[in-house]
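Top line first, the protein sequences correspond to chains A and B.
Per my numbering, the very first residue in the first sequence carries number 1; after that it's consecutive.
Per my numbering, the very first residue in the second sequence carries number 1001; after that it's consecutive.
Everything labelled a hint here was simulated from the structure, so no lab data went into it.
Nothing here was measured: the structure is a model prediction, and the numbers come from that model.
Among the clues, some could well be false.
To be verified - Away from chain B, derived, C-beta distances all over 12 Å, residues of chain A:
(1) S58
(2) G105
(3) L113
What the hints assert, rightly or not - Some chain A residues near chain B, calculated using beta-carbon distances under 7 Å:
(4) A38
(5) G42
(6) Y48
(7) N51
(8) E52
(9) K57
(10) L60
(11) P61
(12) F65
(13) G97
(14) F104
(15) D106
Said to hold, decoys possible - With a straight-line Cα cutoff of 30 Å, these simulated DSS-like cross-link-like pairs (lysine-lysine) come out:
(16) K1002/B - K1056/B
(17) K78/A - K57/A
(18) K1002/B - K14/A
(19) K11/A - K78/A
(20) K1056/B - K14/A
(21) K14/A - K1067/B
(22) K1067/B - K11/A
(23) K11/A - K1056/B
(24) K1100/B - K1002/B
(25) K1042/B - K14/A
(26) K1056/B - K78/A
(27) K57/A - K11/A
(28) K1067/B - K1100/B
(29) K78/A - K1067/B
(30) K1067/B - K57/A
(31) K78/A - K1100/B
(32) K1002/B - K1042/B
Virtual Cβ for every residue (Gly too), placed ideally from N, Cα, C.
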Amino acid sequence: GAGVSQSPRYKVAKRGQDVALRCDPISGHVSLFWYQQALGQGPEFLTYFQNEAQLDKSGLPSDRFFAERPEGSVSTLKIQRTQQEDSAVYLCASSSGGRQPQHFGDGTRLSIL
Amino acid sequence: QKEVEQNSGPLSVPEGAIASLNCTYSDRGSQSFFWYRQYSGKSPELIMFIYSNGDKEDGRFTAQLNKASQYVSLLIRDSQPSDSATYLCAVYAGGTSYGKLTFGQGTILTVHP
């Protein structure tokens, strides 16, 4: 497809379970970003990849959060031992690099029970 | 002080009026500035970006940037009910964190017929 694709759109998990969220960026985009958005707030930066290299992971809230992009295309955000405070919308964005505009996917709404 | 602040909403304007959305940022080294529109339950959609001081117009939208005052705004002319959404201001900071977009909290705009 032409845009950023994220799956699943919705995920419900019990506290303590591990979850994996997938992002397929726009074809050819070297930069990929993950954000977390709480209700009524702007997105908060989590991590950034340029190709397969993770250049900034300063926004990951704890060591339970892990992201990878092994072949420089699809990325996975993994959350281990989920907590209720992890409930949020997780947004993926991609860009052609540098300070070019970022284009967002539809997000994954994660609910932890 | 938050890094990116938007004027508190919600903002309500009549159909056909000009809607004015404001944003200030704290990092004087910031390089690039973006406005995103987000409908309820949807992902942020890029509507404008501006890199240089002055005005940039695209259809009914005008972005204004004043780096000396660390201020960026979005004007929507001839507002339509379909413009009702949350508008997010986002900034690429200077320095090494060039991959990271910092968002404001968003301003809810309602255009009433």
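For a C-alpha distance cap of 30 Å, please report whether K1042/B and K14/A respect it.
Answer holds: K1042/B to K14/A is near 25 Å, not above 30 Å.
Cut-off 7 Å, beta-carbon criterion: hint that K57/A touches chain B:
violated, 11 Å
Hinted pair K78/A and K57/A, Cα distance within 30 Å
holds, 13 Å
Hinted pair, alpha-carbon criterion (30 Å max): K1002/B, K1042/B. Please report holds or violated.
Holds, at about 25 Å.
Is K78/A close enough to K1067/B, meaning Cα to Cα at most 30 Å?
violated, 38 Å
So, P61/A near chain B? Judge it on the closest CB pair being under 7 Å.
This hint is violated: P61/A lies away from chain B, its Cβ roughly 15 Å from the closest one there, beyond 7 Å.
Quick one, is the D106/A hint okay against chain B at 7 Å, beta carbons?
holds, 5 Å
Interface hint status, Y48/A versus chain B (Cβ within 7 Å):
holds, 4 Å
Holds or violated: K14/A with K1067/B, Cα cutoff 30 Å?
violated, 47 Å
With a cut-off of 7 Å, does the beta carbon of F65/A approach a beta carbon of chain B closely enough for the hint to hold?
violated, 16 Å
Does A38/A hold up as a contact with chain B if the rule is Cβ-Cβ below 7 Å?
violated, 10 Å
Please work out if K1002/B and K1056/B have their alpha carbons no farther apart than 30 Å.
holds, 26 Å
Hints 1, 2, 4, 7, 8, 9, 10, 11, 12, 13, 18, 20, 21, 22, 23, 26 and 29 from the earlier list are contradicted by this structure; the remaining hints agree with it.
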